[in-house]
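Please work from the sequences and hints to get the whole structure.
Line by line, the protein sequences are chains A and B.
Quick note on our numbering: the first sequence kicks off at 1 and runs consecutively.
Quick note on our numbering: the second sequence kicks off at 1 and runs consecutively.
Careful, some of the hints might be misleading.
[Stated by the list, open to error] Facing chain B, from chain A, some residues (calculated, C-beta under 10 Å):
| hint | residue |
| --- | --- |
| 1 | Phe87 |
| 2 | Val89 |
| 3 | Asn133 |
| 4 | Gly137 |
In case anyone wonders, no lab produced these hints; they're calculated from the structure.
Just so you know, these numbers come straight off a predicted model, no measurement behind them.
Cβ atoms here follow ideal geometry from the backbone N, Cα and C, with glycine treated the same way.
Given next are the chains, with one letter for each unit.
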Amino acid sequence: MSPTSPTILSELAPPPAAPAPGTDGYITADGRKIGGVLMDLRHITLRFGGVTAIKDISFDIREGEIRAIIGPNGAGKSSMMNVMSGFYVPQEGEVWFRGAKRPPMRPYQVARQGLARTFQNIALFDGMSVLDNIMTGRLTMMKSSLLEQALWWGRAEAEETRHREQVEKIIDFLEIQNIRKTPVGRLPYGLKKRVELARALAAEPKLLMLDEPMAGMNVEEKEDMSRFILDVNDEFGTTIALIEHDMGVVMDLSDRVVVMDYGRKIGDGTPDEVRNNQEVIDAYLGVAHD
Amino acid sequence: MDQLLYASEVLVNGLMTGVMYSLVALGFVLIFKASGVFNYAQGVLALFAALTLVGIQQGQVPFAHLINAITGSHISSFGWTVPSLLAILLTALVMVGLAILIETLVLKHLVGQEPIIMFMATIGLAYFLEGLGDIMWGADVKTLDVGLPQGISETAEAWTAALTGYGFFIDRLDIWATVIAALLVAALVAFSQYTKQGRAMRAVADDHQAALSVGISLRFIWVMVWSIAGFVALVAGIMWGTKSGVQFSLSLIALKALPVLMLGGFTSIPGAIVGGLIIGVGEKLFEFYVGPLVGGATEAWFAYVLALIFLVFRPQGLFGERIIERV
Ligand SMILES: Nc1ncnc2c1ncn2[C@@H]1O[C@H](COP(=O)(O)OP(=O)(O)O)[C@@H](O)[C@H]1O
Ligand SMILES: [Mg+2]
Numbered sequence: 001m002s003p004t005s006p007t008i009l010s011e012l013a014p015p016p017a018a019p020a021p022g023t024d025g026y027i028t029a030d031g032r033k034i035g036g037v038l039m040d041l042r043h044i045t046l047r048f049g050g051v052t053a054i055k056d057i058s059f060d061i062r063e064g065e066i067r068a069i070i071g072p073n074g075a076g077k078s079s080m081m082n083v084m085s086g087f088y089v090p091q092e093g094e095v096w097f098r099g100a101k102r103p104p105m106r107p108y109q110v111a112r113q114g115l116a117r118t119f120q121n122i123a124l125f126d127g128m129s130v131l132d133n134i135m136t137g138r139l140t141m142m143k144s145s146l147l148e149q150a151l152w153w154g155r156a157e158a159e160e161t162r163h164r165e166q167v168e169k170i171i172d173f174l175e176i177q178n179i180r181k182t183p184v185g186r187l188p189y190g191l192k193k194r195v196e197l198a199r200a201l202a203a204e205p206k207l208l209m210l211d212e213p214m215a216g217m218n219v220e221e222k223e224d225m226s227r228f229i230l231d232v233n234d235e236f237g238t239t240i241a242l243i244e245h246d247m248g249v250v251m252d253l254s255d256r257v258v259v260m261d262y263g264r265k266i267g268d269g270t271p272d273e274v275r276n277n278q279e280v281i282d283a284y285l286g287v288a289h290d
Numbered sequence: 001m002d003q004l005l006y007a008s009e010v011l012v013n014g015l016m017t018g019v020m021y022s023l024v025a026l027g028f029v030l031i032f033k034a035s036g037v038f039n040y041a042q043g044v045l046a047l048f049a050a051l052t053l054v055g056i057q058q059g060q061v062p063f064a065h066l067i068n069a070i071t072g073s074h075i076s077s078f079g080w081t082v083p084s085l086l087a088i089l090l091t092a093l094v095m096v097g098l099a100i101l102i103e104t105l106v107l108k109h110l111v112g113q114e115p116i117i118m119f120m121a122t123i124g125l126a127y128f129l130e131g132l133g134d135i136m137w138g139a140d141v142k143t144l145d146v147g148l149p150q151g152i153s154e155t156a157e158a159w160t161a162a163l164t165g166y167g168f169f170i171d172r173l174d175i176w177a178t179v180i181a182a183l184l185v186a187a188l189v190a191f192s193q194y195t196k197q198g199r200a201m202r203a204v205a206d207d208h209q210a211a212l213s214v215g216i217s218l219r220f221i222w223v224m225v226w227s228i229a230g231f232v233a234l235v236a237g238i239m240w241g242t243k244s245g246v247q248f249s250l251s252l253i254a255l256k257a258l259p260v261l262m263l264g265g266f267t268s269i270p271g272a273i274v275g276g277l278i279i280g281v282g283e284k285l286f287e288f289y290v291g292p293l294v295g296g297a298t299e300a301w302f303a304y305v306l307a308l309i310f311l312v313f314r315p316q317g318l319f320g321e322r323i324i325e326r327v
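So this is what it looks like as structure tokens:
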């Protein structure tokens, strides 16, 4: 999937000043139209006491693309996703979303802006069924008041039905009909990952962030997950930021790749560009810290 | 035969006492599930709610003693009385306000701290609220009457007489208390299962991180849960206060809630209810059968001994989740 007309900004170029969505995009090899910048991370630095998890990293994510962040273990990928989703507050740098600088926000506020995510160590509601878990993805979209809900009156009924329908669509899409009523705590690992993806999708996010969605899966499960990720992007046009630790998997999926190592960005470009980048090769070959 | 009938009467009365324990334990469980905070102040919340209710109902001027001491005035009452229902509503609002204050002044600053630190904070809160109640409404014992029926129920006596040939003495207040508590629990269950706010509450109780990622504000849920716990405390306070007057010993029922929780499990709402009933019935029956042999007053320690025995054999309680260390 290498783009025919790559307009990857060189690392030294100043970040674009809030481009309107839809402008200065590019067309991918398979003919998908990539739009303007959706999220722009500028000079992010994150420290934990003495440890610098992220060192002055900048990159952007464009509308409609699948953007991967790869790197060896401990490179700072999850930290980066935590900054993007508001779970970590960087010491330096700015996060721009849809052309505006994001003020300091709590994670739940970031989520309400249209950013949904999954976690490297799966965070589901173990006590609830698969269906209820996925429904929580739509909780903040429900507008009827407590009184309306109590009396099952006004918007309440129509709203519940509508959200349920959407959730059922996602359940069909991810092929988990047969476990709809199962308590999530009882599911095997691979299915949990899928339910977590379903919950994130239920929020109809503008940006979907997946932290190692394929970690710990067998080959077959990985293939399924890859297919789902591609289908989500294709059918809903959802922009996806994806963390992977395994370079191979990501190359087939993503339009552009950021490579991190020891908290620094050592590469940024199409999969082909990244694959041929000497620093990236060294980081992955000298996998002493993997 | 007579012995058995007496015992059944004791059992029924024990159930009623148990309802009260259940209500206080319920408040504990709600807060513990949603925020992991063991709220030592739950009993004092009930006291504070009852004091506030009486104060509002009788048109007492809050902080009257303090104002009088400073300004040399002699005010004590506004000179009006507030209808019971309105007074209950106003008190519920006060409890919501209190929940907001507790969240912003205490809990917010302790997020992410060890549970023991949160626990210590609620001990502080308990003493603070006890003092505040005292300063606001005075330390005298007050009678509370919101119009709940009281006295021996003739209906119950007649019915049981017809059935068993022996008329049970059951306080009408106890019957009402049971019905109201049952309704309250049913409403809480419906709320947590079927409303958006209730689902968000369950989500927070299950996993904070996941709840945040779907856009749920933890602070909103905490205020909500403390408000609900405050309301449950108000209901408990009304019943207990009606029965034995509003006085500082009311906060001591909180200490009975601890064995109830050990029995029922700290995270289980059904556990709180069943645990409360078992302790209520157990201590009354024990006093009835064993009390005379050991010189009485077994009610003071029975609950704790029972809980200790339970702790040895089933540390997670009747309904609690088994505690598994994650590695
Ligand atoms: N909450 C945290 N507290 C302290 N150190 C952290 C925290 N989160 C991440 N780190 C550190 O930041 C570095 C990057 O970790 P992480 O972002 O998880 O890497 P990756 O996801 O690429 O494997 C590691 O050295 C890790 O120990
Ligand atoms: Mg990681």
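Each hint tested on the structure:
Annotation: phenylalanine 87 of chain A was flagged as interfacial toward chain B, and the flag holds, the nearest CB pair being 7 Å apart, inside 10 Å. Checking valine 89 of chain A against chain B: minimum C-beta separation of about 14 Å lies over 10 Å; hint violated. Contact between asparagine 133 of chain A and chain B, as hinted, is supported at the beta carbon level, the nearest pair being about 9 Å apart and thus within 10 Å. Because the beta carbon of glycine 137 of chain A sits about 5 Å from the nearest beta carbon in chain B, less than 10 Å, this interface hint is met.
In summary, the one numbered hint that this structure violates is 2.
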